[in-house]
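K.L.:
Here is how the chains run, residue by residue.
There are 2 protein chains.
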Amino acid sequence: MPATHTDKAFEQDLRDLRERLLAMGAKVEALIAGSVRALTERDSTLAEKVIQSDKDVNRLEVEIDDLCRRILALRQPAASDLRLITTALKIVTDLERIGDLAVNIAERAHDLNQVPPLAPYVDTPKLAELAQQQVKKALDAFVSDDVAKAEEVLKGDDLLDALFLKIFNELLAYMMEDSKNIRRATALMFIAKHLERIGDHALNVAEMVVYMVRGKDIRHPLSRNLTME
Amino acid sequence: MPATHTDKAFEQDLRDLRERLLAMGAKVEALIAGSVRALTERDSTLAEKVIQSDKDVNRLEVEIDDLCRRILALRQPAASDLRLITTALKIVTDLERIGDLAVNIAERAHDLNQVPPLAPYVDTPKLAELAQQQVKKALDAFVSDDVAKAEEVLKGDDLLDALFLKIFNELLAYMMEDSKNIRRATALMFIAKHLERIGDHALNVAEMVVYMVRGKDIRHPLSRNLTME
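Those protein sequences? They're chains A and B, same order as listed.
Quick note: the first sequence uses my numbering, first residue 398, plus one each step.
Quick note: the second sequence uses my numbering, first residue 398, plus one each step.
Calculated directly from the structure, the hints in this document are not laboratory data.
Accuracy of the hints is not assured; some may be wrong.
Only some residues are given here: those of chain B computed to face chain A with a beta carbon under 8 Å [as the list claims (entries may be wrong)]:
(1) ARG466
(2) LEU469
(3) ALA470
(4) GLN473
(5) LEU479
(6) LYS487
(7) THR490
(8) VAL512
(9) PRO514
(10) LYS563
(11) LEU569
(12) ILE579
Glycine included, each C-beta is placed from N, C-alpha and C at the ideal position.
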């Protein structure tokens, strides 16, 4: 990003874009936290609230997409500014999908709250917190062109994957122990998988930030790590 | 899209973009088919091949992204052309993620091929075929600005979801029947889930096509249907 733009309106547009992306990120983080709290606190009203709030995320997506198109049409950015806008267009899709995943978690939490809990949910909120931190850090890296922070996200993904695997194996053990656990354990497995996928979206964002800043595409050596389980 | 562009080079760019997206789509479809064939025919060499070919999809993504940025920088498109390019930037990400999902399926197929099969895989290849058709149709709708075809994709998603649910419930039953089935059934459940997610990506593409052509965003009433299970 050049240090100064002669065009004040353009500067304002870019600031606006960054602010809106951060606002959307904050909203999405709240949905992740809410969806998992709905599970751990057996709070179906909260689950319902998460499901309802997703429309705010969707509205933000449409608005930011429109803003990006408006900037492209009016300001005809080049070089690093162009890369910023085209990256924003992609990031907004990742954020919206994260919102969808939080809704899926809330829906499963809602179902699980109808039956006795399988076990104390110790690692699931930990996984949610990690995923949420990764999303926050990736977005911060984007708005501040901070490659070092993006690289932290890339490194942080292993921790998330390891915790997912731990939860997955514990749930398998519950299933093997008693067939009455199978249905609930399966639901919890999908919740954990959704959280791990939220982490993957953060990883995608971080990879795009590195590309945006360095102009070098690192997406694909890393996407090899995105396999499940 | 206006019927004629005075700028021949621009026309050529757009043709190039459409062709490359179709080529990437064909590649991705082949990966879906290959990954499921690796499972049903217990062909781990094929699984390995799918895992290796993903890098071609990744290369195509980088190339198409670059092409989109080049068109934006050089041609400064407006209105419907701008919408076409910004949509292409998003679609290419969906295609790349589909490639990742096919790789995940191939990896699981590889593992499952080391142990005796749980049951004949009747519905899984059917689900894969449906998912593949949805991807193909959504991309065709994109390159030909065909809203009717995009709407077919939107309608087709219910079939996919229903088949996923059927497979999911059958696998649950296998798990309940004998705990020795649990590990394999879980792997098959994730494979089915990946195929259903491939269908969701096709749905996303179709929604974007409707928006691109009509200029009206229909993404979000429909994204409500994207919940799992």
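K.L.:
Name the hints, by number, that the structure is in violation of.
P.N.:
8, 9 and 10
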